Structures are given as structure tokens and as C-alpha cells.
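Student: Sequence:
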Amino acid sequence: MSALTHRPVPRLTAQLRRPPVLIATIALVLLGWQWVETRARLSGLQTEVARRLADGDSVAKESRVLTRQNQEMVAALQAKVSVLEAQLIETQSQQMALETMYQELSRSRDERLLAEVEQTLTIAAQQLQLAGNVEAALIALQGADARLARASQPQWLALRKLITRDMERLKAQPVADISGIAMKLENLIALVDSLPFAFEQRPRPRSPGSEKKSGVAEPAFWQELVADLWAEVRQLVRIERVGRSDPGLLSPSQTFFLRENLKLRLANARLSLLSRDARSFREDMRQSREWLQQYFDTRARPVEHALGTVKALGVVDIAQDLPSLNETLNTVRNFKLRREREISPAPRAAATGATTDGTH
1 MSALTHRPVP
11 RLTAQLRRPP
21 VLIATIALVL
31 LGWQWVETRA
41 RLSGLQTEVA
51 RRLADGDSVA
61 KESRVLTRQN
71 QEMVAALQAK
81 VSVLEAQLIE
91 TQSQQMALET
101 MYQELSRSRD
111 ERLLAEVEQT
121 LTIAAQQLQL
131 AGNVEAALIA
141 LQGADARLAR
151 ASQPQWLALR
161 KLITRDMERL
171 KAQPVADISG
181 IAMKLENLIA
191 LVDSLPFAFE
201 QRPRPRSPGS
211 EKKSGVAEPA
221 FWQELVADLW
231 AEVRQLVRIE
241 RVGRSDPGLL
251 SPSQTFFLRE
261 NLKLRLANAR
271 LSLLSRDARS
281 FREDMRQSRE
291 WLQQYFDTRA
301 RPVEHALGTV
311 KALGVVDIAQ
321 DLPSLNETLN
331 TVRNFKLRRE
341 REISPAPRAA
351 ATGATTDGTH
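So for the sequence shown, this note's numbering puts the first residue at 1; every next one is plus one.
These aren't lab readings, by the way, just hints derived from the structure by calculation.
Bear in mind the structure is a predicted one, so any value in this text is a computation, not a measurement.
Some hints here could point you the wrong way.
As the list claims (entries may be wrong) - With a Cα cut of at most 25 Å, we get these calculated DSS-like pairs of lysine-lysine:
#1 K80 to K336
#2 K184 to K263
#3 K263 to K336
#4 K171 to K161
#5 K161 to K336
#6 K263 to K61
#7 K80 to K171
Said to hold, decoys possible - Pair by pair, the computed Cβ-Cβ distance ranges are:
#8 L191 to Q87: 53 to 59 Å
#9 A267 to R39: 55 to 61 Å
#10 A97 to L250: 54 to 60 Å
#11 V83 to L191: 26 to 32 Å
#12 K61 to E99: 53 to 59 Å
#13 F199 to V81: 32 to 38 Å
#14 Q92 to A158: 31 to 37 Å
#15 E260 to L31: 15 to 21 Å
#16 V83 to Q46: 52 to 58 Å
Ideal Cβ positions, reconstructed from N, Cα and C, are used throughout, including at glycine.
Construct the entire structure; sequences and hints are all you get.
Tutor: See the structure below:
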């Protein structure tokens with residue numbers, strides 16, 4: 001009886017030990033499967049992160065290049081604006097000096113007339129040198145000539161001849177239409193946003209009955225057969241222009257920056273036009289023409305119109321060799337010096353007479 005009572009105990013313990021081993025095995029299998037799935041997910045995440053970092057690096061490089069270009073353009077514009085401001089300050093200082101000189105002149109009529117004529121001629125010379133404004137210079141010269149004509153004195157005839165000669169030279173000078181060119185540039189800047197790109201062009205559809213003319217008799221069977229054979233042969237051979245590469249695809253951000261850079265080029269050309277900088281004006285027109293030919297659809301009518309306008313403006317000579325008024329100004333100044341020498345001995349003689357009277 002004792003042997004029978006002790007035999008079932010090992011079997012019971014073995015049965016009790018089997019479920020934990022099975023549970024542990026299942027748990028290990030689940031953990032292994034979860035580890036493999038986690039590694040696969042981590043690998044996919046690493047690949048996605050690497051791809052996005054590469055895309056971000058390329059976008060950052062393009063942004064840096066565009067930012068550098070914009071900074072260079074802004075620096076050039078700031079330099080030109082500073083030059084214009086310096087010229088404006090110099091003009092204002094000269095005007096103040098002329099006003100002070102005018103106030104300090106004597107009260108004689110001839111000296112006042114010479115001062116007014118000199119100031120008018122100086123303004124005309126500044127208009128020619130700084131702004132190239134021939135019309136304003138002509139108005140100033142006509143005013144100076146009218147002042148001398150009202151004096152009705154023969155001593156001013158030589159000066160009037162010089163002023164008349166300067167007016168004739170300015171009238172014979174070919175003048176560029178600055179306001180008209182500036183208006184055309186404004187229209188081009190407003191037209192840039194509506195210009196189609198070259199990669200957006202579509203082939204023009206041909207209607208099936210476009211080749212048939214109304215009122216013409218229907219061709220014979222052999223004529224239709226020859227026409228069909230000729231059409232098939234024409235499709236076998238295709239002639240294309242290889243001098244120009246196919247237009248590249250541009251992203252929306254690149255198209256936006258391209259349009260903005262084209263606007264900036266045209267605005268810079270307008271500033272160069274107003275400052276009579278022919279070299280910068282021609283360079284801006286050349287760059288704008290190259291961008292229009294390279295990136296935009298030249299078969300579209302707006303692009304064709306804009307390209308024709310840019311080509312026409314690129315050959316305009318805005319830096320014309322205007323005549324100077326130095327000879328006339330020197331003549332006026334010589335008149336003033338002569339008048340000062342004629343007036344200066346009189347006070348000295350009076351002072352000398354006063355001293356001799358006091359001594360006697």
C-alpha cells in the first residue's frame with residue numbers, strides 16, 4: 001500500500017511542470033516575432049528619415065543659392081541708390097551754395113543778371129550730366145536767353161550766341177523716349193505672371209477636315225491612295241531642331257522664383273534706365289531675353305510679344321553723348337570776374353583818398 005501511494009506523485013509534478021514550459025515557449029516565440037517586426041519598422045523609418053533628410057538638404061541648397069543671388073542683386077541696387085543719393089545731396093549742396101552766392105552778390109543789375117544766368121546754366125548742366133534731361137536743359141537755356149534779351153545790352157551778344165548754339169545742339173540731339181521705355185517695362189513686369197512655361201506647351205490639335213477645302217471636287221481613289229501612302233511615309237521621318245535642349249521641368253517653387261527674378265531683372269532695368277546706366281540696362285535686357293527664350297513657351301502670343309519688346313528695348317541707346325555747357329559757363333564766369341575787377345579799384349581809390357586827406 002505504501003508503494004502504491006508514492007507512485008502517482010512524480011507523474012503529478014511532471015504534469016504540473018509542462019504548462020509553464022509551453023507558456024514560456026509561446027512567449028519567446030511572440031517576443032521574437034515582435035522583435036523582428038520592430039526591426040522591420042525601424043528599418044523602414046530609418047529609410048524614410050534618410051530620404052526626407054536628403055530632400056531637405058537639396059531644398060536648403062537651392063534656397064541658399066537663390067538667397068545669395070537675391071542678396072547680390074539687393075546689394076547692387078543699394079549701391080546704385082546710394083550713388084544717386086550722393087548725387088542728389090551734391091546737387092542740393094550746389095543749389096544751396098548758389099542761393100548763398102546769389103544773396104551775397106551786389107545790388108547792381110548786371111551782377112544780378114549774371115548771377116541768374118549762371119545759376120540757370122548750372123541747373124541746365126546738372127540736368128544734362130546727372131539725369132540726361134534734354135527738355136529741362138532746353139527750358140533753362142531759353143530762360144537764360146530771355147533774361148539776356150530783356151536786358152537789351154550789346155555786351156551780352158557773345159553770351160547769347162553761345163546759348164543759342166547750345167540750344168541748337170541740344171535740339172539736334174536724338175533723345176530716347178525714357179518715359180515710353182519705362183512704361184513698356186512696367187507692362188512687361190505686369191505680364192510676367194501670365195506667361196506660360198515651355199514645359200507646359202501642348203501640341204495643337206488638327207481637325208480631320210482641315211486639309212479638305214470647301215468647293216473642291218472629291219479626289220479619285222488612286223489619289224487618295226497616294227495621299228495615304230505619303231502620309232505614312234511622312235510619319236516615318238521626323239525633323240527636329242537640335243540646337244536647343246528640351247525645356248526642363250520646374251517645380252512650383254522654382255517657377256515662382258523664376259517669375260520673381262524676371263520681375264526683379266526688369267525692375268533693375270527700369271532703375272538703370274532712369275539713372276542712364278546703359279551697361280546695366282543692356283545686361284538686364286540680355287538676361288531677361290535668355291530666360292524668356294529658355295524657360296517660356298515662345299510659341300505663345302504673350303511670350304512672343306514680351307520677347308519682341310525685350311529685344312527691341314535691348315538695342316536702345318540710353319547713354320547718349322550729350323553736349324556740355326562748360327564753354328558758356330566759363331564765359332559767364334569771365335564776365336563776372338571782369339565786373340569784379342572793374343568795381344574793386346574804386347573802393348581802394350576812395351580809401352586811399354581818405355587817408356591822404358587825414359594826413360594833410
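Student: Against this structure, judge whether each hint is valid.
Tutor: Status of the hints after comparison with the structure:
no.: 1; hint: K80 to K336; verdict: 37 Å, violated
no.: 2; hint: K184 to K263; verdict: 13 Å, holds
no.: 3; hint: K263 to K336; verdict: 52 Å, violated
no.: 4; hint: K171 to K161; verdict: 15 Å, holds
no.: 5; hint: K161 to K336; verdict: 18 Å, holds
no.: 6; hint: K263 to K61; verdict: 23 Å, holds
no.: 7; hint: K80 to K171; verdict: 30 Å, violated
no.: 8; hint: L191 to Q87: 53 to 59 Å; verdict: 32 Å, violated
no.: 9; hint: A267 to R39: 55 to 61 Å; verdict: 57 Å, holds
no.: 10; hint: A97 to L250: 54 to 60 Å; verdict: 56 Å, holds
no.: 11; hint: V83 to L191: 26 to 32 Å; verdict: 30 Å, holds
no.: 12; hint: K61 to E99: 53 to 59 Å; verdict: 57 Å, holds
no.: 13; hint: F199 to V81: 32 to 38 Å; verdict: 37 Å, holds
no.: 14; hint: Q92 to A158: 31 to 37 Å; verdict: 32 Å, holds
no.: 15; hint: E260 to L31: 15 to 21 Å; verdict: 57 Å, violated
no.: 16; hint: V83 to Q46: 52 to 58 Å; verdict: 55 Å, holds
The structure shown violates the earlier hints numbered 1, 3, 7, 8 and 15.
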